[in-house]
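Visitor: Hints in hand, dock the two standalone chains.
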Amino acid sequence: MITGKVKQGAMAAVLAAALPLVAGEATAQNRALVLMSSGGVLLDAQKKAFIEPFEEATGIRVVTVAPVDFGKIQTQVEVGRVEIDVVEWAPEFAIRFCGTVLEKITDEFDMSVFDPKYVSNECGIPQATFTHPFFYNKNVFTGDVPSTWADFFDTEKFPGKRAVWNSGYGTNFEKALIADGVAAEDLYPLDFERALAKFDGIKDDIIYWNTAAQLVQLMQEGSVDLVAGWGPAATQAIINGADAYVPVMNQPIMIYNQLMIPTGAPNREEALEFIRFVTSQESQLGHVSTYPQGPTRKDVNPTEFANETLKQNYPGSATNAVDLDPSWRWQHIGEMGDAWVNWSTQ
Amino acid sequence: MKSPNMWKLAVIPALLFLMVVVILPLGNTIWTSFAKPELGLGNYVEFFARDAYVRILVRTILTALLVTVACLLIAFPYAYLMTLVGARWRLVMVGAILIPFWTSAVVRTFAWMVLLQPSGLVNQALGLFGLGPYYLTGNLIGVLLAMTQVMLPLMILPLFSALASIDRKLLVAANGLGSPPLRAFRRVILPLTVPGIVAGSVIVFVSSLGFYLIPQLLGSPRQQLLSQLIVDEVSVRLNFGIGSAMAVVLFLATALILLSARKFGGSTETFGSTNVLSPRGAETLSGRRPVALVIFSGIVGMILVGPAMVLIPLSFTNEASFVFPPESYSLRWYANFFSSRDWIEALTNSLKIAGLVTVCATVLGVLASFGIVRSRSRFGRWAQGIILVPRIVPTVIVAVAVYAVFLVWGFTATTTGFVMAHTALAVPFVVVIVSAAVKTLDPRLEIAAQSLGSSPLRGFCRVTLPLIWPSVASGALLAFITSFDEVIISLFLQGPFLRTLPVLMFSSIQDRIDPTIAVASTLILALASILIILNLVFRKDGQNIS
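Residue numbers (the numbering used here), protein chains in the order written: chain A, 2 to 347; chain B, 30 to 575.
Some hints here could point you the wrong way.
Using C-beta positions, here's what the derived DEER-type ranges look like [what the hints assert, rightly or not]:
{"id": "1", "chain 1": "A", "residue 1": "Lys312", "chain 2": "B", "residue 2": "Ser359", "range": "28 to 38 Å"}
{"id": "2", "chain 1": "A", "residue 1": "Glu53", "chain 2": "B", "residue 2": "Pro495", "range": "54 to 64 Å"}
{"id": "3", "chain 1": "B", "residue 1": "Thr445", "chain 2": "A", "residue 2": "Glu53", "range": "25 to 35 Å"}
Which chain A residues stay away from chain B? Per the calculated CB distances, all over 10 Å, these [to be verified]:
{"id": "4", "residue": "Ala58"}
{"id": "5", "residue": "Ile96"}
{"id": "6", "residue": "Asp155"}
{"id": "7", "residue": "Asp326"}
{"id": "8", "residue": "Asn343"}
By construction, these hints were calculated from the structure, which means they are not laboratory data. Backbone N, C-alpha and C fix where the C-beta goes; we use that ideal spot for every residue, glycine too.
So that you can see chain B by itself, here it is in the shape it has in the complex (with noise of 0.2 Å):
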């Protein structure tokens, strides 16, 4: 495998399977937008004469806009900090954004709607100054905290990869040229932080587009997305047409950002945020620590990881309501969970599912990371635009799309369609972290390896692979919470013999006031932290033997 040629091989089985499972599922829906129910615009014309339907196409990019410059605003400092605070803190400081982004989206949402209901915490601490209580779900303040929550993560781990990666030497000079640091901050960072704000707000803004929990869950009407009109069309009023022509529009929208994105020289290689696995590697930069930095970021932390952790003192409570704190508890909402037959296979379900996704996608991904690093060619970068499709189409988009050919294949409540389809949204992940590691490995190991009489083979297992194991690994677990986590496909696959945990949650949510969800959470959380020292192990090993 020395010539690129044989090695653009190597991407083939992952390229098929996408163009198969995503791109196909794509095209279908555009088609679908044009022919159903008869061919010719006509969906178009209904989408665009209909007020309520371009009122809500508005809201959701207004949404996302706000959502975004909230983040932005909220993880610059941040991420600043982050880049003066020596290994430990930042250590801490990056597990602050790791638990939330290994953290299922319904905990979270589910997290919330506990800490803002007009008796929770927030009302009882707004209640301490003399104020309140008020409603704040139901509105537009709970649906931004908990998208500004959740997006966050996003736009930290950019932020930071292009401020670590700051020369400071470069303020120094500033300084010494006279300079005042507020100025030089303002001219020398700021510039070159500008790659990082780009990819940082890209990707939140287009994630932004597909929200479809939190508003469902937080909001009323008045907040309500794209994404919930999707899902209505498709779901409850059987408008495939129409339904694919908002996700069309949708589709069109996030091709727009992303297209004068690049023009700012975003690349769509930062979707994969490859810092949020080797945080430790870069330079820590001795700076001063303003204290109203620390202490902002200090609050920025708690938003980030108090709100899940409200839902492990409720999975203790002995009351069957979610008032916090609870006035006694009892382990009976533990009992409940692991007597259910209903939550033991939903728990079951999402473990063998999640476990065959990795497998399945770390296979596909790294070859196809060779594939790409080593081939070198148009068509590497071209076959890695395919794969990355997944991560950065709106999942609802995906979800229509997937479901709609499932049904007809006869995949949807199969174990076969989960794995499927959880598969082609974990296979970016692993392609991002693999290839990166892929690409800083010296090829003339293996030639020596084979010069001293290994085969291929032999030199590859027993050279290359070791060399990037923990990025492999890395790949895999994130393959596998990619898996443990989504909702948004699995929500249309499921059927009555095959549910997710995550999508009981989700219903159990909507059907009744049962603290066996907040079980289910703290199971999820403990689950999510494992896999973050695990990662975090495997990481560690990865920088001893480089």
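Just chain A, same shape as in the assembly (with noise of 0.2 Å):
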């Protein structure tokens, strides 16, 4: 009966002690506002760059979310409960999804600062560019180094193991195409045929990512030769030891993310506040400087830069970029994603 009375007494403690918590949860944040973004190193650069500044100048707390998830938002927008005050992606959405899920907010905005470029369409104010390039590891490949998308898909010249990054809306029609010789300007419409039969010409040497973790762990392991990758993400994993990995800067993908408010979004004014602040010249600078990114404003050219890894892989040294075309891409976004699906799952 004793041992009883003391685990009675215990159960009751344990309520006791969990009661607080529940009276806690009522506590709000006062001024917040959540970013949605793809998170990883690039959230931890931004942090640095202008997301603490932010805080410290405004006190406005901002909480981030990742990885980006439209149908959450889009769901969102439909019952009426954003909880998204911005998100930072790929123009393609912000085209599709311009004045139902997303406000028109480019009014609120001086647009004229930015590269003409990346200004596409009422609802993304442009962030940052960044390239899809590829690597190869110097250990592996010491004589004739690759240096092309050719080279990349060119087992016989090339050999070994390929990271390749499992997603149909990613780049990979792109880079198969230009490697089977297709011109720049003459990628869309994508020909899916074609650039599959490419990709059947490496399958078995493919290593696939998923996500940037895995992108980086890769690298940092060593154990692929040449990687398909994320230019910032995997200047990171180099600048955090992967150094066996050298960046080809020739004919990467060119890409840009823009900022977007969800329409009814529930901090609309912190998040306007907050994108004006972020995509301010003395930001813009501060970010591309210690990061693997390029500015969207014309006024920013960043000519120091935290290390020399920044420098080889800044998106401005690019040679024979590739630009992508965000309306096409948005418009066949589903036949993307079946034509890779049905291909990779076989």
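Guide: Shown next, in the form of structure tokens:
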């Protein structure tokens, strides 16, 4: 009986301990906004470059969520319970959802400061540019080194394992078509069959990565010979010790991100303030000289970089860069996904 | 409450709760599959018209089958040895099952990622024999290894319970009649274990159909399973209609297996695997313990316990990588965990939600157990069937269903929503465990108490409750851990201000190389160990009382 009482007491103590937690939930965040982005090393760099300075300057807490999930945002807008205030993502989505899931906000900003190439719709404010290049392992390829996408797909000239992003919405089709000799300006409409035929040639040598963490892990392990990667995450991996890899800044796919506000965002004012802060000349300059991304503003031209790797990987230094066509891509996003899933799951 | 009819009332709260939180949303999912974007069979036609989808469906079934067979082959010798060893060794063997069983799926999957990486321990071991390094993740090897390990406990427990209930005199009799041991095993033991084999295979197969984490984190597109496709359709491609249709197809596959299993004598009750919690209840059988069997079981035990253990030293690494063993040690990742607002908030959220779930699920579950056992009616059995649904249906289906209605009800990203969904998953555990205890109770004890002047309530509190207390405590602990470890539904329900520990771990694993994940894993392992010990203590008391 005594032990029984002790246990009852213990149970009561557990319950008592649980109650204040329940009561504490009501304490709301005062001024805050929720930023949805791809997270990872990008987020770490952004925190230093402008998120923390923004929090200090305004007293607004920035809560971050990753990864970007447009399905979630769309559902939230549909049922009228929006949690996300700012999304950083590809312009395809800004074009696709402008005026429905996303609010038209370009009127609130001075859009003339941006390179017009990156102003593609009324909902996205250009945030940064970056590249999808490839990297080779310098310990493996010592003599002749790969320098084009054609080399990346050439297993006879450059045998070895190739890391490839497992995504139909990514830039795999573009890379394969460039490798197959298609001119950058003739990429669209994408010829899926031709691109996948090119991929057939390397299928048995592919190591897939799904997330930034897997990409970084593969590079830190040094176990792949060629890596088609996200420029920023891969560069960060090199800085963190995966220094066997050398970027090939020839023919990289150029990408840019935009900042968007979902319709009905609960902290719309804070969100506008945040975007203004982030796209200022000072923030962009600070960001692109400490992180492997490029500016979208005409008046930002970094000359000094935090380290040599960043300079090597700077998007502005690319040759023969390949631009995407966001309008074509958003209209065919379903087909891109289907074609890739159908091929890759076989 | 003497009349069975009155006892039916006790089932009502749990029944109503599950109807609203699980059955209604599942109905809604079925409706959506026919109604969105337009009424008709369009989604099903599209599903079966696409090669990729059909291929993934077939692969999902084949993978589940493969895992089931692998589990059966590995689990049988282990379970058999459990019936041969003494109480102390059995406790060790049970512990080896319980530790993975009570450890979050995220932790176990992460452990495999660390072990199987090209420079991981497995490749280091192979290197000693001059082999490798091999790619063990991103292909079928890693996925199958991890799935089999995760499913093993679910196979061992029903097998053990079947093996343990065999009367050993039968073997003696068989021997006496001139049957050599091997034939006696084949002719006597094997047939008598069939119910255990069926129960174990069904639970493993059905659970394997719903795998999401392991193929997502360890596989490549060539291992993609239906659950991943469902999550993609619903959350990335916004196709609620076809996503729901896939969920229904998966559900039908599950139902088909369950119905055919019933023919072979399996019952839904075996899903609760009562014996997880009373492993020492069965008599020890004396018998020869072949050395090969002992060695084999030792290896199995290591595979069960070992993987998660590598995360403990890894959490003390001084590097920003998963290199194992670490080159130098430090507490920096612990400092990082306890100074990070994100991690601390996630931990607090998880504890809070699991605490509330424990209370809700225990109250609902205990009431329902009395109702089911004492009403002795068709209604009781029917109600039990409903209550067990969340354990039988693959969680990804429940997740999609619950998410769709919680969005409309405004329960996503709220503590209430999490508590409701997790309680629905936990109640079946409580019911299975507690109703087994209630069945063994002699109702005359309460009548005796009342005839001695005790009020019915007082009699219940003073006589009945103390007798079933160990089972109630076990059920409560299992409810706690069910909620604390849950990840699939939580991934859907999470919001920026409400993330649980497994959710944050899952996103961190995908996001970055961060040994803080190993710290979180170590804390979860510590908590699981405490709960397992508590559980064993409760059970011990239970046996003293009876």
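Visitor: None of the hints should be skipped; say for each whether it holds.
Guide: Hints, verified against the model:
no., hint, in the structure
1, Lys312/A - Ser359/B: 28 to 38 Å, "holds, 32 Å"
2, Glu53/A - Pro495/B: 54 to 64 Å, "holds, 57 Å"
3, Thr445/B - Glu53/A: 25 to 35 Å, "holds, 33 Å"
4, Ala58, "holds, 19 Å"
5, Ile96, "holds, 16 Å"
6, Asp155, "holds, 22 Å"
7, Asp326, "holds, 21 Å"
8, Asn343, "violated, 4 Å"
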